[in-house]
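A.B. asks: Listed below, chain by chain, are the residues.
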Amino acid sequence: MAESNERRVPFSVSDDMIKEVLKSGLSEIKASDELINITLEKCQAEIENKQKKQSRKFMFMTYKVGAPLAAGALVLALIINSGGLLTKKMESGMSTAQQAPVPSAVAVPAEVTTSNINSDDQVAGYDSAAPQAPESPKLLGKGNQKSEEASSGLTMMRFGEKVDVLNSLASRSVNKAEPAMDKLDKLFMAVTELYNLKNGTKLSLVKEGITRIYTLPQSGVNAETLQKADDYHEILSGEGYWALPLKNQDGIIDTVLTVAEDVAPAETSVSDSDTVYSVEEKEFIVSSLEKGSIIGSELYELFDKSAISGLISKAGYKYDNEAEMIIADINYGNDFIVLTQAGNEKLVVPLLTDESLFGVVNKKVYTWPEFVRIISSCLGQ
Amino acid sequence: MTPPEINKEIDINKEISRLVEEYGNDVLRIATVILKSKELAEDVFQETFLRVVRSYSGYRRESSEKTWIISIAVNVCRDYMRSAWKRRVVVTDDFITYSSDSDTEEIIEKRREKQALINSIMKLPDKYREVILLFYYQEMGVNDIAKVLRIPEGTVKSRLFKARTLLHDMIGGEAHG
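As given, the protein sequences belong to chains R and C, one line each in that order. Mapping of the first sequence onto our numbering: position 369 corresponds to residue 369, and the numbering continues sequentially without gaps. Mapping of the second sequence onto our numbering: position 16 corresponds to residue 16, and the numbering continues sequentially without gaps.
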């Protein structure tokens, strides 16, 4: 029989008591054999799937680098076989080899041979393919991944946690229903005040950093949807939320709040981590991003459009400051992309707290097709 | 002779089985407390070990195995909490203790206190419930909790303090940290 807990007689709460209560209260919760078996089956399927995928990737890589490698090797063999000419014409021989049509991964043999061939990354990426071409993995050491991606457009997924679908935070409101910026400014000052009151903090709003974050559809965006989208507008939901950077007394961004007007309270049951603030008869769902301090310090570009346009100009694009600039949440408020345009070229700049998830380089400027190709290859395929 | 790559495949399978056996209950318990739903916790259980498979080769052993897996489980829970779908799920706070006829008044009283405490823990906001769970149940240090939750150690300490204070307020007695 369940006991009633309505009665509230005060008693002391000690560390030991909390520990004991949790230990005894949770000891009954155990994974059933069925749950364990289902999980192990899924894991087994995942392992097999991963190995098949790596095999396919490796075969493609072998084809891609195989021909130029053979050409490079032929040139080297000719130089070595030229006997006395080698010592006399060492410098000219080397320059001939460097001019051979080899990909960047092959053109830096010193780095190739000293790369972490036996590292876990290496094993994970090419295990199943090793018997087919045992020498080839040496070309693909960890240290070469970035240059390889830049030169050939192929992405070697670095193994961290994997993402199957891009998704955004759930708290959002329709973009076109948002109040004007001057009005928002005032509302967000009030939200900041309330946040400080609730949390006992003394943070202040960085007004110039207030940023509208666009969201993806609630069902998320998978590789197929990405590939079908001709334009980045097609992956956006038409909704979004505001990101408010709050700085501490040292002027450092300490917290990033996400704010969405609670337009449909009847349908939205707010989770414990969200708080509803009522300001001027409007209700706002407010929560702080878990990685707020990291986002504030390492992804400050999120709140500084001129820094983003600087990245784009630095990448060689002529950027028009009047161009549309959309910031989209692709991983529950942890990782973002900037979507913009320079001339006729649609561009994407990833702003990521975890670079390992998507295969793209943080803060690097990609064209939309290039970005889609790389991300799609990393999304649950 | 068995080719090395086949050996590795067997090893990964064995490793995953070992990890499920060793940490499975912890993952399920953590997810149940964080999400307050046994059904969602079972989903989290599966997703956590799938993510373990996916990230296994990237695990650098910079943190303990336990910290690594708990960290993945907490992240999966957070993803569930953030998803729109979860918001429509009815969650339960029920962690009910049972009494028998032979229990003395003192035992019944103790049980009531424990029940009141666990109910209060379950009513804590997510971020405080997480730290309480990791600190008291998982017996993790502040350093490891900071790694799992990806927050500064100072924040862990302040959340622990705040969590104890909230528990004290809810129960109406004293908190001894």
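Hints listed in this document are in silico derivations from the structure and should not be mistaken for laboratory results. Cβ atoms here follow ideal geometry from the backbone N, Cα and C, with glycine treated the same way. It is possible that part of the hints are untrue.
Stated by the list, open to error - Subject to a maximum C-alpha distance of 27 Å in a straight line, what follows is the list of computed DSS-like cross-link-like pairs (lysine-lysine):
id	chain 1	residue 1	chain 2	residue 2
1	C	K123	R	K23
2	R	K282	R	K318
3	R	K19	C	K123
4	R	K176	R	K186
5	C	K14	R	K291
6	R	K228	R	K186
7	C	K147	C	K157
8	R	K364	C	K123
9	C	K38	C	K66
10	R	K19	C	K14
Said to hold, decoys possible - Not everything, but these chain R residues come out facing chain C in the computed CB check (under 10 Å):
id	residue
11	E290
12	L311
13	K314
14	Y332
A.B. asks: A separate judgement is required for each hint: does it hold in the structure or not?
C.D. replies: Outcome of the hint check:
1. C:K123 x R:K23: With a Cα-Cα distance of about 18 Å, the restraint between K123 of chain C and K23 of chain R holds, given a limit of 27 Å.
2. R:K282 x R:K318: Outside the cut-off at roughly 41 Å; violated.
3. R:K19 x C:K123: Roughly 17 Å between the alpha carbons, so the hint for K19 of chain R and K123 of chain C holds.
4. R:K176 x R:K186: holds, 19 Å
5. C:K14 x R:K291: violated, 34 Å
6. R:K228 x R:K186: violated, 41 Å
7. C:K147 x C:K157: holds, 13 Å
8. R:K364 x C:K123: With a Cα-Cα distance of about 44 Å, the restraint between K364 of chain R and K123 of chain C is violated, given a limit of 27 Å.
9. C:K38 x C:K66: holds, 22 Å
10. R:K19 x C:K14: violated, 32 Å
11. E290: Holds, because the Cβ-Cβ distance from E290 of chain R to chain C comes to roughly 7 Å (cut-off 10 Å).
12. L311: violated, 25 Å
13. K314: Cβ of K314 of chain R sits 30 Å from chain C, so the hint is violated.
14. Y332: holds, 5 Å
Consistency with the previously given hints fails for numbers 2, 5, 6, 8, 10, 12 and 13, ordered from lowest to highest.
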